[in-house]
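Please arrange chains B, C and D on chain A, whose structure you already have, making use of the hints.
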Amino acid sequence: MADTLTREATIEADGLRVSVDLAVHIASLRYFNADGVFAAAVRSVVGMALPGVLQAAMGPASWGAGAFTLAWRSPTETLLLGVDGERFSNVVAALADAGEGCVVDQSGGFRVLRVCGERVFDLLARLGGSASAPKIGEGRRSRLADVTVLALCVRPEETLLIVDRVYAEHLLTWIRETAADFATP
Amino acid sequence: MNYSVWSLLRGALSGHRHWLPAWRTPTPKRTYDVLIVGGGGHGLATAYYLAKNHGISNVAVIERGWIGGGNTGRNTTIVRSNYLYPQSARLYDFSLKLYEGLSRALNFNIMLSQRGLVALAHSRHDLDSMSRWVNAMQMNGIAAELLTREQVGTLAPALDMSLQARFPVLGGLAQRRAGTARHDAVAWGYARAASALGVDIIQNCEVTGFVKRADGRVLGLDTSGGRILADRVGIAAAGHSSVLAKLAGFRLPVTSYALQAMVTEPIKPLLDTVILSPGAGAYVSQSDKGEMVIGAGLDLFPSYAQRGSFAVTQGVLAATLALFPSFGRLRLLRQWAGIVDVVHDSSPIIGPTPVPGLYINCGWGTGGFKAIPVGGWTLAHVLATGANHELAEPFQLQRFITGRFVDEAAASGIAH
Amino acid sequence: MSAQRLKAPAGAWIDRSRRVTFTFNGVRLTGFQGDTLAAALLANDVRLVGRSFKLHRPRGIYSCGIEEPTGLVDVGRGARRTANVRATLIPIHENLVAQSVNCWPSVGWDLAALIGGFAALLPAGFYYKTFKWPSWHLFEPTIRRMAGLGRGSGQSDPDRYEEVAAETDVLIVGGGVAGLSAAVAAAQAGAKTTLLASGAIPGGALGWRGDVEATELLEKARRLGVRLHSRTMAFGIYDHNLVCACETIMPDGSDAASGGVLRERLWKIRARAVIAATGAFERPMVFPDNDRPGVMLAGAAEKYAHAFGVACGQRVVIAANSDSAYAVAKSLRDVGVNVLAVVDRRPPAMIRADSCDGVRAIAGAAIGSVSGTRAVRGCTVIPLGGKPERLQCDLILSAGGHAPTVHLHSQAGGKLRWLDESAMFVPDGPAPGMASVGACAGVFSRGAAADHAAEVGNALARGLAPPPAPIGGASDERVRGTMGRGVSGAGRSLPGTHVPGTPGKQFVDLQNDVTLDDVALAARENYRSVEHLKRYTTTGMGTDQGKTSNINALVAMGECTEREPAQVGTTRFRPPFSPVTLGLIAGRRVGALYRPRKHLPAHAWHEAHGAWFEDFGDWRRPAAYPLAGESLEAAAQRETAIVRKTAGLFDGSPLGKLEVFGPDAARFLDLMYVGTMSTLAVGQARYGLLLNENGTVMDDGIVARLGEQHYWLNTSSAGVDRTAASFEEWLQCEYVDFKVAVTPVTSRWANVTVAGPRAWDWLAAAGFDPALAPDSMKHMTLRESALDGVPLRVLRASFSGELGYEVNLPADHASALLERLWAYADRYGAALYGVEALQVMRVEKGYIHIGTDTDGTTLPGDIGFARAMDRKAAEFVGRRSLLRPAATDPDRLQLVGLTPADGKTLLPVGAQIAASPPPALTEGHVTSSYLSPELGRPVALAMLTRGSQRTGERVRVHHLGTTIEADVVKPPFIDPAGKRVHG
Amino acid sequence: MMQLNCPWCGPRDENEFACGGSSHIARPGLAASDQVWGEYLFFRDNPKGVHRERWRHVQGCGQWFNVARHTVTHEVLSVYAVTDAPPKLG
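Residue numbers (the working numbering), protein chains in the order written: chain A, 225 to 409; chain B, 354 to 769; chain C, 11 to 993; chain D, 6 to 95.
Here chain A stands alone, though its shape is the one from the complex (with noise of 0.2 Å):
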């Protein structure tokens, strides 16, 4: 009933397919000043630089392959997103003691919905506001289905929808209707 979001919840429709990936480590990077020590550290750990207002980034490795993905959140939050654990953890003990700013894992809190195919707009026209959809390198934080959601499109015809945990089965089953009258014009 609740909480029994398993890899098959995939909703599949014209142009269109989402699924959940419940193996995503998430992490909030807090600090007071975005390119202060902090930020540093981040680009040394992480590889990339924290993202600019509504950006996101992914690492250079592929999504496959352990890269990360940086999202901007607000003026002092980014969030860090990767599906190795192992460089994962490393990477949160790395920044544990960076000063000037601090990591707060948030694995298990958020649930990602991967939502492919070339009508990702109109679904996204259909849940909220007509400023939800990022553009490829974006990450905008917005209401979709009455509930706050960050959407980030790191690649083409691929945008990711994070989502607080307690509201994941409602923004599932929203889509899933959402998408069961996709076909009527």
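Don't read these hints as lab results, they were simulated from the structure.
We treat Cβ as the ideally placed atom computed from N, Cα and C, and that holds for glycine.
A hint or two may mislead.
[Said to hold, decoys possible] Simulated pairs of lysine-lysine, DSS-like, Cα-Cα distance not exceeding 27 Å:
| # | chain 1 | residue 1 | chain 2 | residue 2 |
| --- | --- | --- | --- | --- |
| 1 | C | K914 | C | K655 |
| 2 | B | K599 | B | K565 |
| 3 | C | K788 | C | K989 |
| 4 | C | K882 | C | K788 |
| 5 | C | K139 | C | K655 |
| 6 | C | K340 | C | K17 |
| 7 | B | K450 | C | K139 |
| 8 | B | K565 | B | K382 |
| 9 | B | K599 | D | K53 |
| 10 | C | K139 | B | K405 |
| 11 | B | K642 | C | K397 |
| 12 | D | K93 | B | K599 |
| 13 | C | K202 | A | K359 |
| 14 | C | K749 | C | K655 |
| 15 | B | K621 | B | K642 |
| 16 | C | K914 | C | K882 |
| 17 | D | K93 | D | K53 |
| 18 | C | K655 | C | K989 |
| 19 | C | K788 | C | K655 |
| 20 | B | K599 | B | K382 |
| 21 | B | K642 | C | K515 |
| 22 | B | K382 | B | K450 |
| 23 | D | K53 | C | K425 |
| 24 | B | K621 | B | K599 |
| 25 | B | K450 | B | K599 |
| 26 | C | K980 | C | K655 |
| 27 | C | K230 | C | K397 |
| 28 | B | K621 | C | K139 |
| 29 | B | K565 | D | K93 |
| 30 | C | K980 | C | K914 |
[What the hints assert, rightly or not] Stretches of chain C that chain D covers, calculated by requiring three or more beta carbons in the stretch to come under 8 Å of a beta carbon on chain D:
| # | stretch |
| --- | --- |
| 31 | 248-260 |
| 32 | 738-747 |
| 33 | 885-897 |
Chains B, C and D in isolation, oriented as in the chain A frame:
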């Protein structure tokens, strides 16, 4: 001229040419004993009770637009006195008692329909809060009952009574004497009766300033129709209270918000009582013409625009359909908003202002319509005697300095 | 002579090869594919369609569109029954079911029609003058039954609605020549352009004329990438140019699939600029009995003839106050309909000489009477000064002039001005962010409308101010449209059309039965403001919102009160432009998708272990784990006894959790909490109270120090969002130079609580690090630990009063830990316990629960925290308010314990404490109350005036008519020294 | 439904924000009189015209910012930082 079935019969025979104006439209005199700013329900009631209770009829009501055009014509017409604190319970029940005799007193049918009101409980915690509410009302001498699920279901069969509903109905608090009244009729009824007793009702006349003596005492009003003097002035302008206070040189603990209301197309009777659900966030009744009258909470940002945000309208109607799924295919006919004067403890302010001779009745927030009779009665009392009516004593401006709030909303429990 | 189908080519919109059968009032009828229900009814010579609201007079089809006042029906079956639908808007489909509204037993024999006989007794506002004695309650039920038009389905709607957000530079509302011209111009200027049309595109007056230029415009618009939405009615314009529109996907009465369908789509379009091209409605003429079935709008009859191939009558009289009457006369004649005469109310000088070739025009004349009640059979014409002439006709058309559709302009805050020569209100300059073009701007000649619309489209696309409308009215010369007959020019029209003094009911509002006499009565009784007129007579308050009645009503009021129409003015136009389905506005927010509930990470595990779930705020949580046949209360008693005796397992995951980090974190928390947090050593935890600026207790919970600059905060589950928001407000708006980061982590960490004397033994058995043992980890300590590599934050704290461990771990591992611990439960005779048992235990200990024992008026001193405040001289949120007179009032309600005098009776929650039964002055109320299994008697908490000084006093507790005696005690009721918690 | 231009996230629909009431209200210290404290907490201009208020982009970046908005037309005249002085409005 008396309104009755006989007068209607006489009218039928004479093509209804014998009816007199419901209220006079005099040219304003230069001076009055009392001036009242605001021609809504509270202002008109104040004028009526000044003449009726205190024999002061050298009074003028100054209305910026047309009488009953502000919140009086924009609310969801609910009258009730299901209040927790003795001070509020006495105030609102006094108002309900006046409502119960108002059609006869004013010789104007205000269509008071005491069809009962039920506040819904959706959790055991809600039931506990309602137990406190009912017992407190009974302590205040106001009849109230706790209803079982089944009793609520029979009163409002259109409710979603399934236990799997998003807001399962576990019971309710009922006040049988509560119900609805025709809002326009309340304004017109008071206007007609006040005019008959000699009160001048002056529409399309906007107050542009207060005339004061050197020592600060109020002497009268500057208006779009010229200067009018008076010994005492009463303000009953609801959402525009701060605008008038500013003209008079003081500030109020008031913020004006849009409060939306809406009606559906008229259908045959489907709901015979007033249903309130603080938990779901909507309240509903069916008008005599058959429209579902729907209201909810405020648009939560300051506004004097009588429109309301579409996002709030969506929330209100989603809440309404959560309670009444069978209303889904009905259609929204009209949506509008009043401008309500909200204070921290959602209780009124009836009494003197920092300006000598200037008194105010405001702060009713979302609950002004039910209080029109008592608002008029108590403002008239202080205008006539200079002393607060005992019902109004706990509701003074000073409470925002001393901290002696009468916080009904808070007493019903913050979110838990 | 009945209405009937006209020969082809009349009927551009119908497919004569596809017959469609439908039932109306139980009678099976047939029409063609493309017919609306109204067209098909007229084709079958069904004149009587419904009954009017008040007088139940017979009503027929009056228009051919959205302004229909009287042709209302209920359509569809069962859960799909839809009330008050306009027959003019429903395309018929196989086995469509429709019924008349507001009549019983049938539309032909409506009992309530007897009222018509007493109409003289029922002028406007009659109900204000009577029904007072003995009381309104005697009359209301009958009146309510007679009121209300259609009947709802009484079942929940099986169909679905969705909401789509869009953005565009220029949004055009209306698909006629003006709308299309503006769209093409805007797109050519490079703007992202969207066009909405309530019907087909091209729409408006061109829809059925096979207008070559319009089709070219449409093609050009498509090529330029204009996004065209037909069957999409813009119903409202809101702040900052948000236009909301309803797209009809599955029209009413279509019973397609058995399951639900996507019925309508809500468009929420944010536009930089909006152009209204919404055309105009035709104004009815006012003459005696102008409400009989067979009296219709002239434009409507023309459209029925050409679009649907239906002659609404064979012998037609047109009552005119506008040149458009002659265009309609010739148009009907072209398809073989016999137009007897145009009865033109205007003096000859106002009538265009070239307009009436071959059509008999009676100038300066009016219709004196209409014969026939359920269908027109004839009328008398009274030339001013001449003798009446009787005409045998079966159809009387109204061509009363035009009323520009200014609703969106007015909703957007635009002003209106009165054009006397054409007797209509037009926009007075642009509204903020919006311009009007074509007929709704008062530009009726086709050429001028197209040119002006293009200029406006171009200007708004480039962000420039729109050029003013070339409002011609009478002086505007008629431009010969390329396709023969131009769109009728506005021409000259009289404001008022009725002949004063003629007897008979002359209707202004057909749906609500408002006559000229009612308007005169309103004027006589001083209900002169146009808003009073509307509310007193209910004109314009029907489902058509006055689209065909507003102008005639306000003009009539003007005449009764010697005022010009401009002085009378119009009422405020409020959304929606035309009634919109509630379900559409709610969109997907139905059932569980409206305000989603929150579930525990281990919800399934609890479900599998017999949890009884309830709502606690938005959280769904186990209230208890009842065994077979056990009540909730009995289960809670059993669970409590087990925890007190041995040990219990509880899921506390909804507890609010925040991580507060930064060099100024300690200083900041001292400013937020009543107590002092900066003195906590690392690993140490302390209970804290949070107030708002007004001193009210808002939240509470435990604060623990994880590191020099790092704190872990627990708050109430309902309060965490509010508390986090409050911290952000203080940090960003007041203490702006503090370096503090507040990160909510409620969903990251599950909370598995083990409590009871054997709690530690249980944890040890399950493999927890021995360093967490009670003797090496004091009460109110937080330790970071691990179990099989899973990181833990273990807090020794207790809301039950027993030895307690709160194990915070990543949410994904909650079920595994519960399962692991549950395996050892039998060894200790332990049990799962729910929220109910926790409440019993915390009340036994006298611990408060914010929002249950406290409310929005409770100050810290009321619940025993006065001492904490004195010791802390420093500033904190709410402190100054605690120095106000009210806060130091000795008579405040204060928290006390209560036990029943007889030691047996449970004190009801919410019972009032007072010296005597009601009515009386209350001194307090019971806030929490349970039977204590350990003590074998009830225990309760209450708020009592001067409670702290009344220990030992005997008081009376009153609940719904019963009175129970109780003694005031000082909590806690169990283990006052708190030995158990220190284990 | 309004659209507010969040200084970080750009234009967003009003239902992503929460209004925090009037801005530029100085907070008195503990020594303030009851009268001054009461006026700080409750007494407001509540203008029917331009109102300087603060908003938080709750469902976006979570940041507070100031807005000068007309309380009748809802026209937004200026958006500026919480720590900025109120701009002169033309």
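Problem - 27 Å Cα cutoff - pair K599 of chain B, K53 of chain D - result: Holds, because 10 Å separates the two Cα atoms, which is no more than 27 Å.
Problem - Straight-line alpha-carbon gap K642 of chain B to K515 of chain C, limit 27 Å - result: 22 Å, holds
Handout entry: Restraint check for K914 of chain C with K655 of chain C, where alpha carbons must lie at most 27 Å apart
Key = 22 Å, holds
Handout entry: Straight-line alpha-carbon gap K599 of chain B to K565 of chain B, limit 27 Å
Key = With a Cα-Cα distance of about 14 Å, the restraint between K599 of chain B and K565 of chain B holds, given a limit of 27 Å.
Practice task
Mind taking a look at whether chain D covers the stretch 248-260 of chain C? Criterion is 3 or more residues with CB to CB distance under 8 Å.
Solution key: Held - the stretch 248-260 of chain C has 4 residues with a Cβ nearer than 8 Å to chain D, which meets the minimum of three.
Practice task
Verify the proposed pairing of K642 of chain B with K397 of chain C, using a straight-line Cα cut of 27 Å.
Solution key: 44 Å, violated
Exercise for the section: Mind checking the alpha carbons of K788 of chain C and K989 of chain C for me, to see if they're no more than 27 Å apart? Expected result: 13 Å, holds
Handout entry: Stated coverage of the stretch 885-897 of chain C by chain D [criterion: 3+ residues, CB within 8 Å]
Key = holds (count 7)
Exercise for the section: Verify the proposed pairing of K382 of chain B with K450 of chain B, using a straight-line Cα cut of 27 Å. Expected result: 35 Å, violated
Exercise for the section: With a cut-off of 27 Å on the C-alpha distance, tell me whether K93 of chain D and K599 of chain B pass. Expected result: OK: K93 of chain D and K599 of chain B at ~21 Å, within 27 Å.
Handout entry: Distance restraint between K749 of chain C and K655 of chain C, which requires alpha-carbon spacing of 27 Å or less
Key = 47 Å, violated
Practice task
Take a quick look at whether K202 of chain C and K359 of chain A sit within 27 Å of each other, Cα to Cα.
Solution key: 18 Å, holds
Of the numbered hints listed earlier, those contradicted by the structure are 5, 11, 14, 16, 22, 24, 25, 27 and 29.
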